[in-house]
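> Take the UniProt record's numbering: the last position of the sequence shown gets the number 387, and nothing is skipped along the way.
These are calculated hints, taken from the structure and not from any lab test. Do not rely on the hints blindly, as some may be mistaken.
[To be verified] Calculated cross-link-like contacts (lysine-lysine; reagent style PhoX-like; alpha-carbon spacing at most 25 Å):
hint, residue 1, residue 2
1, Lys164, Lys55
2, Lys148, Lys43
3, Lys289, Lys19
4, Lys194, Lys102
5, Lys43, Lys97
6, Lys2, Lys55
7, Lys369, Lys350
8, Lys55, Lys97
9, Lys164, Lys97
10, Lys242, Lys289
11, Lys141, Lys43
12, Lys338, Lys231
13, Lys161, Lys97
14, Lys55, Lys102
15, Lys55, Lys161
16, Lys369, Lys338
17, Lys2, Lys161
18, Lys369, Lys231
19, Lys194, Lys231
20, Lys161, Lys148
21, Lys43, Lys164
22, Lys102, Lys2
23, Lys102, Lys43
24, Lys242, Lys102
25, Lys194, Lys97
26, Lys19, Lys242
27, Lys155, Lys97
[Said to hold, decoys possible] Pairwise CB distance ranges, derived in the manner of DEER restraints:
hint, residue 1, residue 2, range
28, Gly152, Arg15, 35 to 41 Å
29, Lys148, Ser291, 53 to 59 Å
30, Arg187, Pro285, 40 to 46 Å
31, Arg17, Val107, 20 to 26 Å
32, Lys97, Asn368, 35 to 41 Å
33, Arg187, Gln288, 40 to 46 Å
34, Ser198, Ser132, 52 to 58 Å
35, Met1, Ser291, 29 to 35 Å
36, Phe116, Gly152, 15 to 21 Å
37, Lys289, Glu122, 46 to 52 Å
38, Pro285, Ser171, 50 to 56 Å
Backbone N, C-alpha and C fix where the C-beta goes; we use that ideal spot for every residue, glycine too.
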Amino acid sequence: MKSQEGRVRVLQNFRERSKLLRGIENYRVEILEANPGTFILPKHCDAEALFFVAKGRAAISLIREGKREAFNLQTGDILRVPAGAPFYMVNKDDHEKLCVAKLIQPVFTPGHYETFFGPGGEDPESFYNAFSIEILEAALKTEGDRLKRLFGQQKQGAIVKASKEQIQSMSHHEEGGSWPFGGESSRGPFNLLKMRPSQSNEYGRLHEANCNDYKQLQDLDVAVSFANITKGSMEAPFFNSKATKISLVIDGDGYYEMACPHLSSSQSGEQHYGGGGSEERQSGPRYQKVSAQLRRGVVFIVPAGHPVVAVASNNQNLQIVCFEINARGNERYPLAGKRNVINQFEREAKELAFNVPAREVEQVFQNNKQDFFFPGPRQQRQGRASA
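Put together the whole structure using the sequences plus the hints.
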């Protein structure tokens, strides 16, 4: 969906990308970009939506339980928009584009959702036009000629330019507020970036919110996190116990690496599946390195249990927002740094697992005293060279 004033991009269904992603096939990712001083036309969707404001300032109005609820939004805000709730938005900034990342959970057809425009005309088409003129005349008590004019004027698309007066009018009627430090009773936005970071040092910062922080996440069983990795730095390799991460690069560039047992080197990275019957393995699973360059707009998936690491380039910070599916009861296990899981093993377990003396294991896994964010590979090499 695209107009002169902005666009909406919807990522391909995850199941269509790979059968390995069928566990999250009922989720979609949508990205809204709107020019300064624009209006996003009213609509509703047959899907639950979780908004994250990646950039810009906006105002949103929703219709729920027969009342209009209006909120101002800023960078870092999270907002849940229930399925079927009509809403509209304005980009109230005069200079900056609005960018909103959305996690979509369809409620009718798994993995597929539709957008319904009531107000509209030819572009976007109004769903009122699907009804017969006799029905509309009776329902709205208005002559057909007036109805045809009303539902035939809009031809500018779903995102249109608005005057400063119109923007100001819709921005100054906030009937609910941002709740930056706890979504206990609020259905309004929750600002993730105003929370105290769960991890922070000179190499990066991590903000996280779950249903204990923002109650609107509870029914969705989703957590949201935002990582800002300092240029030249990396996050610790880790894995999630049960949550699958849908990660979107907001800004910067870098790369990621992931260990995956589902890919076979003999098939050049193509998916493979076992046939019927049983199979006795002569050894443990084999792992392929999955890696890709990261830049603004790239989405990558990290399934539960899969070890992963992200590294920022030396040019700029790498900023990533993550929607974590199946978040309830999830635990993150670091694989390096002072809290890494190997350090929790008994000495005998270390010796038996690695087939070397425990002190050698400890010399490696206790060597990095940093916590979660570290100097990246190039910084490490430079540090060793200067030493």
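> Each hint: holds or not?
A quick look at each hint next to the structure:
no. : hint                        : result
1   : Lys164 - Lys55              : holds, 20 Å
2   : Lys148 - Lys43              : holds, 20 Å
3   : Lys289 - Lys19              : holds, 19 Å
4   : Lys194 - Lys102             : holds, 20 Å
5   : Lys43 - Lys97               : holds, 21 Å
6   : Lys2 - Lys55                : holds, 19 Å
7   : Lys369 - Lys350             : holds, 19 Å
8   : Lys55 - Lys97               : holds, 7 Å
9   : Lys164 - Lys97              : holds, 15 Å
10  : Lys242 - Lys289             : holds, 21 Å
11  : Lys141 - Lys43              : holds, 23 Å
12  : Lys338 - Lys231             : holds, 22 Å
13  : Lys161 - Lys97              : holds, 13 Å
14  : Lys55 - Lys102              : holds, 13 Å
15  : Lys55 - Lys161              : holds, 19 Å
16  : Lys369 - Lys338             : holds, 5 Å
17  : Lys2 - Lys161               : holds, 13 Å
18  : Lys369 - Lys231             : holds, 20 Å
19  : Lys194 - Lys231             : holds, 22 Å
20  : Lys161 - Lys148             : holds, 23 Å
21  : Lys43 - Lys164              : holds, 22 Å
22  : Lys102 - Lys2               : holds, 17 Å
23  : Lys102 - Lys43              : holds, 15 Å
24  : Lys242 - Lys102             : holds, 22 Å
25  : Lys194 - Lys97              : holds, 21 Å
26  : Lys19 - Lys242              : holds, 19 Å
27  : Lys155 - Lys97              : holds, 22 Å
28  : Gly152 - Arg15: 35 to 41 Å  : holds, 38 Å
29  : Lys148 - Ser291: 53 to 59 Å : holds, 56 Å
30  : Arg187 - Pro285: 40 to 46 Å : holds, 45 Å
31  : Arg17 - Val107: 20 to 26 Å  : holds, 22 Å
32  : Lys97 - Asn368: 35 to 41 Å  : holds, 39 Å
33  : Arg187 - Gln288: 40 to 46 Å : holds, 44 Å
34  : Ser198 - Ser132: 52 to 58 Å : holds, 56 Å
35  : Met1 - Ser291: 29 to 35 Å   : holds, 32 Å
36  : Phe116 - Gly152: 15 to 21 Å : holds, 18 Å
37  : Lys289 - Glu122: 46 to 52 Å : holds, 50 Å
38  : Pro285 - Ser171: 50 to 56 Å : holds, 55 Å
Taken one by one, the earlier hints all hold for this structure without exception.
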